[in-house]
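Peer 1: Sequence:
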Amino acid sequence: MEKRQLGRSGLRVSRMALGTMTWGGDTDSEEAASQLVAFVDAGGTLVDTADIYGEGESERVLGALLGDLVPRDDIVLATKAVARRADGPFGGGASRGALLSALDGSLRRLGTDHIDLWQLHAWDTTVPVDETLATLEYAVTSGKVRYVGVSNYSGWQLATAAARSSAVAPLVSTQVEYSLLERGVDREVVPAAEHHGIGLLPWAPLGRGVLTGKYRSGTPADSRGASSVFAGYVEHHRTDRAARIVQAVATAADGLGTSPLAVALAWVRDRPGVVAPVVGARDTGQLTGSLTAEEITLPPAIRSALDDVSAIEVGYPERGL
107 MEKRQLGRSG LRVSRMALGT MTWGGDTDSE EAASQLVAFV DAGGTLVDTA
157 DIYGEGESER VLGALLGDLV PRDDIVLATK AVARRADGPF GGGASRGALL
207 SALDGSLRRL GTDHIDLWQL HAWDTTVPVD ETLATLEYAV TSGKVRYVGV
257 SNYSGWQLAT AAARSSAVAP LVSTQVEYSL LERGVDREVV PAAEHHGIGL
307 LPWAPLGRGV LTGKYRSGTP ADSRGASSVF AGYVEHHRTD RAARIVQAVA
357 TAADGLGTSP LAVALAWVRD RPGVVAPVVG ARDTGQLTGS LTAEEITLPP
407 AIRSALDDVS AIEVGYPERG L
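The working numbering numbers the first residue of the sequence shown as 107 and each following residue consecutively.
Hints listed in this document are in silico derivations from the structure and should not be mistaken for laboratory results. Just to be clear, a hint being listed does not mean it is correct.
As the list claims (entries may be wrong) - Distance ranges between label pairs, derived from CB positions:
#1 T232 x I418: 27 to 33 Å
#2 E136 x G249: 29 to 35 Å
#3 G361 x R214: 18 to 24 Å
#4 S248 x G303: 23 to 29 Å
#5 Q111 x R178: 46 to 52 Å
#6 Y422 x V235: 39 to 45 Å
#7 V420 x G363: 31 to 37 Å
#8 V274 x G363: 18 to 24 Å
#9 G217 x R425: 30 to 36 Å
Note that CB positions come from ideal geometry on N, CA and C, so glycine has one too.
All chains, please: the whole structure from these sequences, using the hints.
Peer 2: Okay, structure coming up:
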């Protein structure tokens, strides 16, 4: 798998990341092990989790697989803090106390002495940004964290944090929802990331599963759309506009002799500023399908057609005068 620089940093990662949001829940440890091996065998290095996934179970499952199954040094280990909530004064948020408590918890669950990429899961309106950024700098200088990034920041939040971060701990990545069905970040987040040298890590690059085409004629019983937990998550992208885009993706896939999944993933992977889409999978077979996108580069005509059908309205001031 091709490697890319993560923003303006010295960190190189695979151009696809393995997402583990369901590990320890819908994805048991045996299936997680199978996915991790398949991903690493394909040349993947960036594995993403968060302290909030499965109330920490995702980190525990991943941590248990590192060492004997996959060497720790073969993985760029990414996790997140801020969103987790627990009792006590340091149970969540982006304060110094909460972040350092969260970091120690992640290190313990992952069974490691450092995190390669530690990300703020969300902007915290209740904490001064300088306090948060100073804590990131401390985490880096302590040796517990190698690089830092953010997730789900708006354009102004990303620009503010990037401009005020230190040279010791600059922001190198931002993780945002980005796909043919969700292009809102093109308005301000993408330009802000480009200006500050921050790499994009798209989550839900397959439009929460809708871009695979599996929902074109109904809701498969084994899909997230049929789950009481994830039904609303998927329904968000089941619109008339989405149906037109999915049809265009399916047409492109037929012409290229590949799957809609591979077309949709290749499109977002090669967008300006994107470093590595974060792909989660129900099982190893589904992950293998995502890995086939590595073999595909979309022809300019198809990319242009997909750009057009998925285009969003950009108004003043983003479009200029």
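Peer 1: For each hint, tell me whether it holds in the structure or not.
Peer 2: These are the hints, each one checked on the structure:
no.	hint	result
1	T232 x I418: 27 to 33 Å	holds (31 Å)
2	E136 x G249: 29 to 35 Å	holds (33 Å)
3	G361 x R214: 18 to 24 Å	violated (50 Å)
4	S248 x G303: 23 to 29 Å	holds (24 Å)
5	Q111 x R178: 46 to 52 Å	violated (22 Å)
6	Y422 x V235: 39 to 45 Å	violated (27 Å)
7	V420 x G363: 31 to 37 Å	holds (34 Å)
8	V274 x G363: 18 to 24 Å	violated (49 Å)
9	G217 x R425: 30 to 36 Å	violated (49 Å)
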